[in-house]
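Kindly produce the complete structure, drawing on both the sequences and the hints.
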Amino acid sequence: MTTLDDRPLGFINNDEKPVGHGRMLRKEDPRFIRGKGKYVDDIQLPGMLHLAILRSPVAHARIVSVDTMAAMSHPKVKAVVTGADLVEKGLAWMPTLSNDVQAVLATDKVRFQGQEVAFVVAEDRYSARDALELIDVEYDVLPPVVDVRKALAADAPVIRDDLDGKTDNHCFDWQTGDEAATNAVFDKAEVVVTEDIVYPRVHPAPLETCGCVADYESVDGQLTLWTTSQAPHAHRTIYALVSGLPEHKIRVIAPDIGGGFGNKVPIYPGYVCAIVASLVTGKPVKWMEDRSENLTSTSFARDYIMRGEIAATRDGKILAIRTNVLADHGAFNGVAAPLKYPAGFFGVFTGSYDLEAAFAKMTAVYTNKAPGGVAYACSFRVTEAVYLVERLVNCLAYELDVDPIELRIKNFIRPEQFPYATKTGWVYDSGNYEAAMRLAMELAGYDELRTQQAEKRLKGELMGIGVSFFTEAVGAGPRKDMDILGLGMADGCELRVHPTGKAVVRVSCMSQGQGHETTFAQIVAEEIGIAPADIQVVNGDTDNTPFGLGTYGSRSTPVSGAAAALVARKVRDKAQIIASGMLEVSVADLEWQKGSFHVKGDPSKSVTIQDIAMKAYGAGDLPEGIEGGLEAQICYNPENLTYPFGAYICVVDVDPGTAQVKVRSFTAVDDCGTRINPMIIEGQVHGGLTDGVAMALMEMIAFDEAGNCLSSSLMDYLLPTALEVPDWQTGHTVTPSPHHPIGAKGVGESATVGSPPAVVNAVVDALKPYGVRHADMPLTPSRVWDAMQGHPRPPV
Amino acid sequence: MSMQVSMTVNGEQVTEEIEGRTLLVHFLRDQLRLTGTHWGCDTSNCGTCVVWMDGEPVKSCTVLAAMAGGREVRTVEDLEQDGVLDPIQQGFMECHGVQCGFCTPGMMMTARALLDRNPDPTDREIREAISGQICRCTGYATIVRSVQWAAAAEAAFEGRS
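Chains as they are written, first to last, in my numbering: chain U, 3 to 798; chain B, 3 to 163.
Treat the hints with care, since some could be wrong.
No farther apart than 20 Å at their CA atoms in a straight line, the calculated lysine to aspartate or glutamate pairs in the EDC-like style are these [unchecked claim]:
#1 770/U with 536/U
#2 38/U with 125/B
#3 40/U with 79/B
#4 664/U with 32/B
#5 342/U with 641/U
#6 91/U with 249/U
Everything labelled a hint here was simulated from the structure, so no lab data went into it.
Okay, here's the thing in structure tokens:
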């Protein structure tokens, strides 16, 4: 089943929507289009104070002194707190999601530009900022470690001297696959292609920056925290562990979130500062970071320097891939990934290909840069893995002088090989790669594009066609393997059908714009036949939802979505028993038709789910052993990840005079298994494609030699506008996941993962007349120009 | 330093005490509690703060509230009139021009202004109109469709097509 996504026509009519899966307008939109969304900064509580953070102006320095006297005497200032004050409370350091520690406020040293040094609490947000200017910090500046390649040099300054016995900047080593077997394949291979590939540091930069309102009620000891969190339950538990406040007295509420993309997974020092501020002042305290704070101090992404090697036969059979990675983790290891996976799911660097062997080895180091490491819609480093393999395959195609699509198809894992165990231990659940690839070729008009390209090359015009094929690994994850700081990655779900047949479903994941209020209502509607409009979805409130690990790594549909379907089936099973009593037949004699049970062979004898709900709460007896009410709760532990995939084709034109890249068209075929709401899926794909173009051509967090962040505003960190991206052409195939209850896979990050190599492959393809085999992102005009200058002009 | 400022906001006359340095975006959000207008960058790049001043879209993070004195300001809260949505609002719902909703108010205010002076814009004209604004979620295509949807709806309503 393959179609182009339709363009919608006609006026809104929510009465004609499907009871279950299908295109449906979003239930959250009526408030958003009226300006009635409720984001953290919209919250204004009586007596609320404002917090602002003083940050380090330098990348590496010893703190000699912090003088807060002048700030304290500002008439509107209520408190000024330094690292030394937090030491007294035992709160100067907090755990990161990778079991490292991170300074809440610097005590001994500052370790990156933008690090938190002190905070001010004042009556209004302007006064809080004013008072920051009155704090006098004396720094003894130290040489910084900026170049990751020099971080392990013998004379490199030691950044993490807070760690016992630490004498270098080594963070961790990691490896996967069989080194000996891989080397043996490489030694015998007819063709080996090596390429050095950099995935630069980028930043998710959600349009809403991070922030919170902390409100501690001292009388009952209750802390309420409204916060920009993609994982409210995990945050609550960690706050309990850090602060010593009992977990049942902490309520974390994530209201509407203005985009997350992974940036809102970690706990940042600012949140802890706001909690401390509320404890100290007895008032609600708001902290909202500004854009520069967001770009310079919160979780970055990527920053991998990769040497990739691919071994093949001369006729294009790919045999093995190996890679050596140097990973820049910044000043604190703040990676948000399952604990056993310090490199995230980078292990899927074998891509979509049937290999004989594979091996990866990684060294991670500390540098004087902001901590983080896994954010930005990357599915736990699958982005880096896919970029590596898809660039390597193109480099191989370049060397063998074969079509990059033909080379891919020749090496794809075939449909009958699924479930497919990769050489690095991942079990891909399902796939039909060639079908997706051929559909993309058809939609893009691939053969005509190649003809056109040949004609243009004769005229000296630079047109490039870039291909990528990705396999994603999403839906973390099975509890036996995956946890975040000891918290298993399973998700709860609770469904309550009210007496009148309306329902409320409570999920542990948290929307940041993905449309959960719609999608989860549709998942439940499909299973119990109550219209989505009659199902309220609750998320983002730890007091009102069951425990679960939140939304990142495209895990909402694979994990919480499965939980929602299964809890609905549990309710339906109970409804069937009640229906058997109502219709006076045995349970086995009933047949379910979406929304009602009827007696087999006699459809006239039936009861609707609404009838059953009223009976469940109403007067009269229920079948023996059945309690009143119609509700259920479950916790879903996924047995495996889901593995969505896709085929992307990007067409670019490069101006030979200015080296400016223009993305002419982009065709994306995605397979995320069962499709719940095609409109929302298309939106997720569009957004990810834009991220991909942005990273490939524009975005980079850069530093100078002193460790100054050169990308600290949206004037310097370039995000794409409507003029930099094309209209997107999307298509899909459907290969259900065999283990997911409704066959769905995640899709939120597919396009972010899959599109950067397509864009880069397109630019490199355009530069083929210049003999260019590889150029690193971001492919700004100057970088493209440099790539062009390294080689002779093409014949015209 | 405190001062008094008077302006018309969404058709109503308001007079408030403000600090002279108060930005219009903070005045609208914190003082008038019109939180549909958002703040996102400080550098006039993101456009989540777009409102109208005397009928023209402006970035309210780069306008002092004092500069709006005596002028007519219109925010997203005024798009719906007497319970009837503006076609732009309908278009954003119908064509999935909204994901997280954060850029949406600013995008809609710019789009409304565009359609008022150009009722039948091309794809390129729409993209140029919103090119001073950023959306991190949608990839813009559905926003373009949303504006086209509104243009078509208005044309149909006025019997232009």
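Verification of the hints:
1. With a C-alpha separation of about 57 Å, the suggested pairing of residue 770/U with residue 536/U is violated against the 20 Å cut-off.
2. At roughly 28 Å between alpha-carbon atoms, residue 38/U and residue 125/B are farther apart than 20 Å, so this suggested pair is violated.
3. As the CA atoms of residue 40/U and residue 79/B are separated by approximately 13 Å, the hinted pair is consistent with the 20 Å bound.
4. Distance hint between residue 664/U and residue 32/B is unfulfilled; the C-alpha atoms sit about 41 Å from each other, more than 20 Å.
5. Among the hinted pairs, residue 342/U with residue 641/U is consistent with the structure: their alpha-carbon atoms are about 17 Å apart, no more than 20 Å.
6. Between residue 91/U and residue 249/U the alpha-carbon distance is near 19 Å, which keeps this suggested pair within the 20 Å criterion.
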